[in-house]
Amino acid sequence: MPGITSTQDSLYQQVAVEYAAALERLVRAYEANVEKRRDLSQDIHVALWCSFANFNGMCSVRTWVFRVAHNVAVSHVLRERRRRGQVMIGLEEIENIAAPTLDGGHDRQQLLDQLMAMLRQLKPIDRQVILAYLEDMDAAAIAEITGLSPGNVATKIHRIKNIVSRRFRPGEQP
Amino acid sequence: MTDETRPDDARNLWQSQPLEGATMSLEGVRERIETLAKKVWRRNLIGGSACLIVLLAFACFFVIFPNAIQRIGSVLTIIGAGYLMYQLVLGKLQKQGLAASGRQTEASLAFYRSELQRQRDFHRGLWLWSRLLVFTPGSLIFLIGFGSAYPAVARYIHVEAAIFGVLLIAAIPLNLRLARKYQRELDALDSVGT
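Order-wise, the sequence lines are chains A and B.
Using my numbering, the first residue of the first sequence is number 1, and each one after it goes up by one.
Using my numbering, the first residue of the second sequence is number 1001, and each one after it goes up by one.
Incorrect hints may have been included.
Across the chosen pairs, the derived CB separations fall in these ranges [as the list claims (entries may be wrong)]:
1) A:Asn96 / B:Leu1045: 22 to 28 Å
2) A:Ser149 / B:Gly1021: 54 to 60 Å
3) B:Ile1046 / A:Ser6: 26 to 32 Å
To be clear about the criterion: a stretch of chain B counts as covered by chain A if any three or more of its residues have a C-beta under 8 Å from a C-beta of chain A, and this derived list gives those stretches [stated by the list, open to error]:
4) 1016-1023
5) 1031-1041
Treat the hints as calculated values from the structure; they're not laboratory data.
For glycine and all other residues, C-beta sits at the position ideal for the given N, C-alpha and C.
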């Protein structure tokens, strides 16, 4: 049906531009390997385009986009975990692990690498909460995307704030 | 500067990271869909061909070998290979159904739970036992029949059948252990609550 297809296409095109940076950051938090990251990114874009055939406006476009992107990424993570036997941990465990110390100046790249390494070992739901938090979403939006209760999201955000306050402090630019 | 980070610092660090500007045009999306469809088709073709070869080979064995036990083994293996071919078609249909139902637009928690359930169920219950039943009886009975029809090589055939049996038996606890691992994750997810 041309009508539906053109709506689907225009929604996708709008999203592909508006959320390009956020989606790229999301993909980086799920996959370290460059080749696999490209594949995951493409899978997310395909899933988004397909999903817009069923978009009914019951939630915001942003919620829709992040749900689809996270769900595709979760499938990817579970697949990779089966292959690599990777162990994932929760926010509670991260909170209790001593933060690695960085020698010398804490430049942004070092902090970013450390943040990325931490994100990539998190369990999917915790990873989604922290990523949404880092993308400036409030507790209500995070709850809508993840399906967690707002109270649960608030608890997790409290933990996230504790973790970032201890670990990620951008220093002076070199 | 304080020792503590303001949450905004971490957000700023995250959002200001250098990016490659990766995105995808509509043309790119369509090309990717075509590539994925070809990949699935190729995978099904390889799997289907392998099943067909097994099916034809054991159909020939059924005709060639007069021994009744070998013939029973051949028939069971043919049924197993046929069942696998059916599963391949069914798997394809399930994927189409999955895309149509738009499960990927569900809230992440529900989606993650269903993915874990799917993986847990793959390693236990009907999925596990049907896979074992497809491979085990036909092959074992055929090997036993082969051993009884050709006593000169019976010893080797029986050793082969024993190794095959041990590997299959070992697969049961391994699968059940994986299923329990997924169940523990599901329990942990449920304890988080919604």
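Checked hints:
no.	hint	in the structure
1	A:Asn96 / B:Leu1045: 22 to 28 Å	violated, 50 Å
2	A:Ser149 / B:Gly1021: 54 to 60 Å	violated, 37 Å
3	B:Ile1046 / A:Ser6: 26 to 32 Å	violated, 37 Å
4	1016-1023	holds (count 7)
5	1031-1041	holds (count 3)
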